[in-house]
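Trainee: Below, each chain spelled out in residue letters.
4 protein chains.
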Amino acid sequence: MSYNLLEGKKGIIFGALDENSIAWQTALRVHQEGGSFVLTNAPVAMRMGAIQQLADQTNAQVIPADATSIEDLNKLIDESMEILGGKLDFVLHSIGMSVNVRKGRAYTDQNHDWTSKGWDVSAVSFHKLMQTLYKKDAMNEWGSIVALSYMAAQRVFPDYNDMADNKAYLESIARSFGYFFGRDKKVRVNTISQSPTPTTAGKGVKGFDGFISYAEKMSPLGNATALDCANYTVSLFSDLTKRVTLQNLYNDGGFSNMGVSDAVMDLFEQQQSE
Amino acid sequence: MSYNLLEGKKGIIFGALDENSIAWQTALRVHQEGGSFVLTNAPVAMRMGAIQQLADQTNAQVIPADATSIEDLNKLIDESMEILGGKLDFVLHSIGMSVNVRKGRAYTDQNHDWTSKGWDVSAVSFHKLMQTLYKKDAMNEWGSIVALSYMAAQRVFPDYNDMADNKAYLESIARSFGYFFGRDKKVRVNTISQSPTPTTAGKGVKGFDGFISYAEKMSPLGNATALDCANYTVSLFSDLTKRVTLQNLYNDGGFSNMGVSDAVMDLFEQQQSE
Amino acid sequence: MSYNLLEGKKGIIFGALDENSIAWQTALRVHQEGGSFVLTNAPVAMRMGAIQQLADQTNAQVIPADATSIEDLNKLIDESMEILGGKLDFVLHSIGMSVNVRKGRAYTDQNHDWTSKGWDVSAVSFHKLMQTLYKKDAMNEWGSIVALSYMAAQRVFPDYNDMADNKAYLESIARSFGYFFGRDKKVRVNTISQSPTPTTAGKGVKGFDGFISYAEKMSPLGNATALDCANYTVSLFSDLTKRVTLQNLYNDGGFSNMGVSDAVMDLFEQQQSE
Amino acid sequence: MSYNLLEGKKGIIFGALDENSIAWQTALRVHQEGGSFVLTNAPVAMRMGAIQQLADQTNAQVIPADATSIEDLNKLIDESMEILGGKLDFVLHSIGMSVNVRKGRAYTDQNHDWTSKGWDVSAVSFHKLMQTLYKKDAMNEWGSIVALSYMAAQRVFPDYNDMADNKAYLESIARSFGYFFGRDKKVRVNTISQSPTPTTAGKGVKGFDGFISYAEKMSPLGNATALDCANYTVSLFSDLTKRVTLQNLYNDGGFSNMGVSDAVMDLFEQQQSE
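Chains as they are written, first to last, in numbering that gives the first Met the number 0: chain A, 0 to 273; chain B, 0 to 273; chain C, 0 to 273; chain D, 0 to 273.
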């Protein structure tokens with residue numbers, strides 16, 4: 000589908016790793032809607048071949064940047080404005096990584112250096128990004144900044160480990176910085192709290208398949224896909240949502256407001272009765 | 000603006016009283032986006048001249064209906080499907096009224112017959128509407144139902160009186176019925192929690208002007224207007240938000256997540272120092 | 000246990016049906032803590048034998064009252080103050096009933112007269128009670144009013160039916176009236192959102208046993224019992240919580256902030272793999 | 000007052016700086032209730048004279064510890080169990096510090112090394128503390144761990160700066176670790192979200208006096224004092240709240256659920272009309 004919702008709008012999209020990425024699907028949809036953008040990812044995370052393919056499809060340029068480095072962010076934003084020919088209208092932050100998760104370290108036995116690294120990459124990077132955009136006055140009025148989050152920020156999913164705390168911090172940044180960005184620049188800042196999504200990153204997490212299936216059964220409309228998230232992000236970048244800000248918005252088929260579904264209770268009772 | 004976001008989609012819009020109404024603005028925007036619909040309002044609330052003017056502008060028919068009457072709702076939905084030529088894709092519930100507020104009765108001194116009347120009109124009507132739609136199987140898959148709410152459902156605004164409790168009940172209906180509508184019909188149900196908006200109905204509430212001004216100063220992006228709400232509703236009726244359900248979505252310039260703004264604190268401190 | 004936490008405090012306890020009742024356990028604990036009170040219940044719900052036994056144990060008098068009747072509430076409060084020798088320090092509202100649930104009527108096929116009846120009994124009775132207390136100036140400063148609620152007010156539990164909406168309304172009343180009771184009388188008003196509890200009333204609900212077991216497995220500390228709730232209520236009636244007001248307080252072993260527990264996921268995965 | 004609520008219970012209290020500290024008042028109240036404990040604070044923050052005076056009053060020993068150092072925490076917990084003669088029943092974490100706030104650095108212009116330092120002291124210290132307690136199996140069953148938080152974790156208070164994000168992370172830790180502590184050790188973990196309190200630390204924050212006054216006028220029961228917080232903490236350490244866990248509990252006179260009070264609106268309207 001295409002509605003020209005983002006015609007003339009310019010931005011930056013972080014975190015497109017491969018075609019399973021939410022950021023990848025978002026880039027495709029933003030392009031279809033008429034938006035133009037720079038793609039970026041961490042130099043280490045970037046498989047140049049893959050992201051270049053997306054760049055070709057969407058007529059975008061790629062600028063590698065470490066989102067935890069103010070220096071890289073300065074360079075990224077300056078170059079993006081130059082390439083795109085002016086200030087930005089939208090930014091997508093789709094970045095997250097926990098060393099404790101990767102190395103299989105339990106939440107009750109963290110290596111706090113790893114905790115710190117994951118926090119910097121997954122959460123503080125969002126502050127650094129907004130601070131750089133703010134100080135450079137790089138956003139147009141009524142621009143829109145979106146970061147991707149997860150319900151573990153509010154509720155316990157044991158395997159999500161320290162990413163839960165990182166997402167809570169990320170969502171808090173959205174509110175805290177969203178205030179100043181709204182007041183001073185008329186820019187909105189929101190997070191989307193997305194269904195568990197089988198991205199290449201997500202697939203590595205212990206018990207992820209079971210959990211996807213559980214979430215599917217708990218959600219009255221089923222799990223939101225990467226494409227659903229891309230569409231929702233398009234709506235948040237568009238002029239249809241100009242006064243929506245400081246919000247954490249669930250795109251999850253309804254899971255976030257479920258206590259228990261009939262589908263899950265049925266399975267539970269079958270299991271109990273065996 | 001127009002993006003053809005709702006081309007081919009059909010629905011019912013409740014509550015357009017005059018051009019200050021959120022429902023009125025929504026009808027105009029839905030029409031611009033290619034949607035077709037039936038307009039309805041309570042026979043007593045309906046100034047036929049005014050709503051007919053909107054109907055003419057939007058190529059719509061008007062069917063009076065008391066939203067607390069299952070009989071009227073049955074008739075409304077049957078006739079709407081006949082007029083529109085099939086099942087519905089969207090419904091907007093924008094209905095609210097408190098007899099206690101109208102008659103200036105304090106929250107601590109309610110007439111509970113009036114409380115009951117206001118609850119039926121403002122909240123139960125939403126259940127009755129959805130029950131009628133559900134039993135008639137009147138919604139297309141991936142349809143979208145939206146009701147308008149207000150933050151008094153979560154937080155105390157003393158002058159809002161028993162409407163606060165009605166909105167809490169309304170939002171609960173959205174979750175409760177949203178589950179069944181999602182599970183059984185793949186239809187999403189959400190509420191928009193809108194900034195205080197100077198509608199003809201709102202203007203009658205004691206202290207409303209002062210409150211609008213307070214909300215404006217508290218919200219980093221200022222109050223959302225009726226047009227902002229219409230645009231947000233369009234995004235929720237569109238295919239961009241297919242897996243968003245059971246949510247209460249704030250369209251309020253950020254007020255809902257504010258503790259206090261600098262603008263309000265400045266006024267407060269000036270007053271304190273006098 | 001006994002700490003004399005409520006020595007010299009006087010109150011009214013609604014809803015003690017039999018020894019499985021939360022209100023029954025609360026009456027026992029309040030008595031142990033030195034509080035004195037009047038017991039009340041609806042004339043129809045009252046098995047005089049049972050409640051009289053509790054009254055004997057706790058040195059209390061019993062006054063039947065229909066909590067939906069302002070007249071009955073007036074009489075109850077007047078007589079209670081006379082019996083107890085002064086204004087009240089605490090009130091427990093433990094009342095709930097849905098005709099739709101009792102008669103097995105689905106949420107999507109409600110009889111709205113029954114909905115209205117259940118709403119009046121389960122929710123509006125709390126407003127009527129507080130309005131009567133407020134107008135009579137029947138509460139001492141720093142008194143405490145507690146009503147029992149359930150997490151279905153926030154999240155969907157399909158079998159809970161219209162009681163979910165009633166609890167949402169009840170919790171809203173606690174906030175709305177809590178504001179006026181705090182501002183004008185220095186009285187606090189809170190709700191406790193309790194684990195599913197195998198009371199005689201609860202046991203009647205379809206699928207209740209399975210659900211108790213599910214909640215037990217989801218809650219890191221297991222389900223809160225009626226005695227746990229009684230203890231928590233004692234803490235809210237005591238002087239330890241004087242500035243806690245307008246809150247909905249979960250007494251649920253942690254369920255309310257769980258996404259999923261390992262115990263539930265394990266069962267789910269076993270079932271999936273069969 | 001004294002009820003012997005904590006007779007025989009043993010614990011550790013972090014963060015008593017001087018008699019304005021919440022931790023100081025809590026130590027006094029816990030002592031009155033029969034609890035015994037070790038006092039601790041950061042070596043640099045500790046004015047030995049002052050805390051020694053509290054130690055003398057409460058028959059406690061003082062062990063300096065940097066709460067960001069696993070080594071110090073190991074030593075603290077080992078020595079505390081030795082001094083107190085067994086496992087612990089309660090722990091209070093009352094620690095918070097932002098270098099950005101201290102040095103007057105705006106939220107939009109953070110020094111991220113300072114951000115990291117404040118996060119480690121204010122939030123990660125709580126994880127490190129619980130991880131050390133958990134790995135040593137240092138808590139008795141049905142023990143209780145409490146950390147102090149603030150509503151800026153949910154809502155924007157511009158002057159609170161990066162402490163808002165730290166508190167969001169802290170509250171997330173309470174949930175995340177609370178799950179494992181509950182499941183494995185039957186220990187509860189909660190945060191108290193306290194009114195702004197004129198502690199020696201708080202007084203240093205820009206605009207703090209004005210804000211205290213604003214919060215007082217917004218809260219139906221006025222601001223909770225340090226003593227109120229001490230009393231609430233006692234209730235959470237006691238056996239009255241055994242199944243309350245993973246919660247963030249507001250002790251704030253009702254502020255958290257206010258939209259606006261009449262008192263604030265009156266001042267606002269006076270100011271507007273001048």
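Bear in mind the hints are in silico, worked out from the structure with no lab data behind them. Possibly wrong hints are sitting among the right ones.
[Said to hold, decoys possible] Across the chosen pairs, the derived CB separations fall in these ranges: (1) Gly-84/B to Asn-73/A: 54 to 62 Å; (2) Ile-82/C to Pro-197/B: 36 to 44 Å; (3) Asp-183/A to Gly-84/B: 47 to 55 Å; (4) Ser-272/D to Glu-140/C: 29 to 37 Å; (5) Lys-74/A to Asp-208/D: 53 to 61 Å.
[To be verified] Calculated pairs, EDC-like style, for lysine to aspartate or glutamate (alpha carbon to alpha carbon, straight line, at most 16 Å): (6) Lys-116/D to Asp-119/A; (7) Lys-116/C to Asp-119/B; (8) Lys-116/D to Asp-112/A; (9) Lys-216/B to Asp-119/A.
[To be verified] Covered stretches of chain D (in silico footprint by chain B; criterion: 3 or more residues with CB under 8 Å from a CB of chain B, positions within the stretch not fixed): (10) 22-34; (11) 258-272.
Each residue gets a CB set at the ideal place from its N, CA and C atoms; glycine is no exception.
Trainee: Just to be careful, I want the Cα atoms of Lys-116/C and Asp-119/B compared with a cutoff of 16 Å; is the pair within it?
Mentor: holds (12 Å)
Trainee: Holds or violated: 29 to 37 Å for the Cβ distance of Ser-272/D and Glu-140/C?
Mentor: Holds: the Cβ-Cβ distance is about 34 Å, inside 29 to 37 Å.
Trainee: Holds or violated: 53 to 61 Å for the Cβ distance of Lys-74/A and Asp-208/D?
Mentor: Given about 43 Å between the Cβ atoms, the range is violated.
Trainee: Does Lys-116/D pair with Asp-119/A here, judged by a C-alpha cut-off of 16 Å?
Mentor: holds (12 Å)
Trainee: Range first: 47 to 55 Å. Now tell me if the beta carbons of Asp-183/A and Gly-84/B are that far apart.
Mentor: Roughly 50 Å apart at Cβ, these two residues keep to the hinted range, so it holds.
Trainee: Straight-line Cα separation of Lys-216/B and Asp-119/A no greater than 16 Å?
Mentor: violated (33 Å)
Trainee: Counting residues of the region 22-34 of chain D whose CB is closer than 8 Å to a CB in chain B, do you get three or more?
Mentor: violated (count 0)
Trainee: Regarding Gly-84/B and Asn-73/A, is the given constraint of 54 to 62 Å on their beta-carbon distance met?
Mentor: Roughly 57 Å apart at Cβ, these two residues keep to the hinted range, so it holds.
Trainee: With a Cβ-Cβ cutoff of 8 Å, does the region 258-272 of chain D contain at least three residues near chain B?
Mentor: With 12 residues closer than 8 Å to chain B, the region 258-272 of chain D meets the three-residue bar; holds.
Trainee: Starting from the hint 36 to 44 Å, judge whether the C-beta atoms of Ile-82/C and Pro-197/B obey it.
Mentor: For Ile-82/C and Pro-197/B the Cβ distance comes to about 52 Å; the hint is violated.
Trainee: For the pair supplied as a hint, Lys-116/D and Asp-112/A, confirm whether the alpha-carbon distance does not exceed 16 Å.
Mentor: Distance ~13 Å between Lys-116/D and Asp-112/A Cα, so the pair holds.
Comparing the model with each numbered hint stated earlier shows that hints 2, 5, 9 and 10 do not hold.
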